[in-house]
Amino acid sequence: SQQGEEDPQALSIQEGENATMNCSYKTSINNLQWYRQNSGRGLVHLILIRSNEREKHSGRLRVTLDTSKKSSSLLITASRAADTASYFCATVPTDSWGKLQFGAGTQVVVTP
Amino acid sequence: DTGVSQDPRHKITKRGQNVTFRCDPISEHNRLYWYRQTLGQGPEFLTYFQNEAQLEKSRLLSDRFSAERPKGSFSTLEIQRTEQGDSAMYLCASSPEGSRTEAFFGQGTRLTVV
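From first to last, the protein sequence lines stand for chains A and B.
For the first sequence, the residue numbers in the numbering used here are 98 to 209.
For the second sequence, the residue numbers in the numbering used here are 1146 to 1259.
Keep in mind that the hints are not guaranteed to be accurate.
To be verified - Quick partial rundown of chain B residues pointing at chain A, CB under 8 Å, derived from the structure:
| # | residue |
| --- | --- |
| 1 | Tyr1178 |
| 2 | Phe1190 |
| 3 | Gly1230 |
| 4 | Leu1236 |
Claimed, not checked - The calculated label-pair distances, taken between Cβ atoms and stated as ranges, are:
| # | chain 1 | residue 1 | chain 2 | residue 2 | range |
| --- | --- | --- | --- | --- | --- |
| 5 | B | Glu1201 | A | Ser109 | 36 to 42 Å |
| 6 | A | Asp163 | B | Asp1152 | 40 to 46 Å |
| 7 | B | Gln1199 | A | Asn149 | 27 to 33 Å |
| 8 | B | Asn1196 | A | Pro209 | 43 to 49 Å |
| 9 | A | His154 | B | Lys1159 | 47 to 53 Å |
| 10 | A | Ser125 | B | Asp1208 | 38 to 44 Å |
| 11 | B | Ser1218 | A | Ser125 | 31 to 37 Å |
The set of hints was computed from the structure by calculation and includes no laboratory data.
Keep in mind the model is a prediction, meaning the values are calculated, not measured.
We put the CB at the ideal spot given by N, CA and C, even for glycine.
Extracted from the complex, chain A is given alone in its bound form (with noise of 0.2 Å):
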C-alpha cells in the first residue's frame, strides 16, 4: 500500500501561473521528498524537507510541512511548460529508515 496521497490528482495550468499541490501521509517520518517524472521516464529529487523544518525553498519550489497535519505541500512559482511532468511524494518513516514510500502523484499540465 502507498503511504501518502497527493491532490490534486491532476493540474491543468498556464505558462507564468502557481502550481500546488497536496501530499497528506499516515506515519510519523523521518523526512519528507518531492520527486518529478516525466512520462515514462525515471524519478528526478527537487527537494527533501526534514521532520523538524516547516519551510524550504529550491529556485521557483517552495515546499512546507506540517508533522501534526501529516502533510505538505508544494509550491512551483511562474510555471514554464517544461514543468509538465508527475510529482510525487515520498515518505521515509522512523521506523523504516531504509525506503521512501510514494503517493499515487499529481499530473500537472502546462499550457503555453
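Starting from the known structure of chain A, fit chain B onto it as the hints suggest.
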C-alpha cells in the same frame, strides 16, 4: 556517466517465461532499491539492499521474485513464471548511506507480459 543504469530498457516476454533485470547504481552508493510502478500510480517499494545485504522486502515481492546484490555493486531482479499482472515499470534507485539523503533513480525497465 555516473548515474543509475538499468538494462534492458524494455522487455517483452511471454507469460510463464523468466526475466532478469540488471541495475548498476552510482558507484559510491551503499543503498540500492527496487520499485515497481504501474500506469497512473506512484512507485511501490519492492526491496532494498545495504551493500550486499537485503535488509527489507515488501509483501508485494512474491516467491516468484528474487533480488540479489552479490558484491554490493550491481543488482539483479528476477521474475520467474511471469504473469500478465507483472507488466509494469521496474525502477532501481541508489543512495548514500543515511536516511536524510535523496535517492537517484534509473530510467527503469518496462516489462510487458503477453
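*asked:* Of the numbered hints stated earlier in the document, which are not met by this structure?
replied: Hints 3, 10 are the ones this structure does not satisfy, whereas the remaining hints hold.
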